[in-house]
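Chemist: Sequence:
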Amino acid sequence: MHAGPFIVFAEEAHENSADLLFLPEATASDWAAIFSHAEVRQIGAGLALVQAGELDRALYLLTEGTVGVRLPRDEGAFKTIDAPSVLGELAFFDAKPRSATLDAVTDVEVVRLDTAGFDRLLEHEPALANAMLRDLARILALRLRIASEVIADLRGG
1 MHAGPFIVFA
11 EEAHENSADL
21 LFLPEATASD
31 WAAIFSHAEV
41 RQIGAGLALV
51 QAGELDRALY
61 LLTEGTVGVR
71 LPRDEGAFKT
81 IDAPSVLGEL
91 AFFDAKPRSA
101 TLDAVTDVEV
111 VRLDTAGFDR
121 LLEHEPALAN
131 AMLRDLARIL
141 ALRLRIASEV
151 IADLRGG
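Residue numbers (the UniProt record's numbering): 1 to 157.
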């Protein structure tokens, strides 16, 4: 099993950017603790990992394979994401329906951490859970900055 670090997908940024690494300082022991409160899932190529519109709040750590990102009403993926990556962080925080469908392009393995699993992690490893939240927030802030720059460029300013 992959022991991290994981990259948070940002459409406008290069996936290999060191800034997008999730928990880059985490140890093998930290990853083992996170994974002990999560569920490992195998998804066959061609199947959906999550569907746009679902109310699933889980955070997904893509440990093996490639997924395609497909927006509602689109037939094909507009972007692919390779392991290791973090997926689903927006719904994890805001509890809104999934904004995109994630299809397995290859056979994939994910570690699914739902809110109950996160709550258990918080109870047993509060410092690690806090580090996860802070790092996800840092990465989301980076994504917002990147999106703001893209909008400014589109507006010519």
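Keep in mind that the hints were calculated from the coordinates and are not lab data. The C-beta atom is built at its ideal place from N, Cα and C for all residues, glycine as well. One thing to keep in mind: the hints can contain errors.
As the list claims (entries may be wrong) - Here are the simulated EDC-like pairs of lysine to aspartate or glutamate, each with C-alpha atoms no more than 16 Å apart in a straight line: (1) 96 with 114; (2) 96 with 54; (3) 96 with 39.
Claimed, not checked - Pairwise CB distance ranges, derived in the manner of DEER restraints: (4) 155 with 45: 31 to 41 Å; (5) 44 with 71: 31 to 41 Å; (6) 75 with 107: 37 to 47 Å; (7) 27 with 123: 16 to 26 Å; (8) 42 with 141: 24 to 34 Å; (9) 51 with 151: 19 to 29 Å.
Chemist: Taking the hints in turn, state whether each one holds.
Modeler: Hint-by-hint comparison with the structure:
The hinted pair formed by residue 96 and residue 114 meets the criterion: a straight-line CA distance of about 14 Å does not exceed 16 Å. At most 16 Å may separate the alpha-carbon atoms for a hinted pair to count; residue 96 and residue 54 meet this at roughly 9 Å. Among the hinted pairs, residue 96 with residue 39 is inconsistent with the structure: their alpha-carbon atoms are about 22 Å apart, more than 16 Å. Between residue 155 and residue 45 the beta carbons are some 40 Å apart, a value that agrees with the proposed interval 31 to 41 Å.
In this structure the supplied range 31 to 41 Å is violated for residue 44 paired with residue 71, their Cβ-Cβ distance being about 22 Å. In this structure the supplied range 37 to 47 Å is violated for residue 75 paired with residue 107, their Cβ-Cβ distance being about 22 Å. In this structure the hint that residue 27 and residue 123 lie 16 to 26 Å apart at CB holds, the actual value being about 20 Å. Taking 24 to 34 Å as the suggested C-beta distance range, the pair residue 42 and residue 141 conforms, at roughly 33 Å.
Roughly 28 Å separates the CB atoms of residue 51 and residue 151, a value that falls within the hinted 19 to 29 Å.
In summary, the structure is inconsistent with hints 3, 5 and 6 from the numbered list given earlier, while agreeing with the others.
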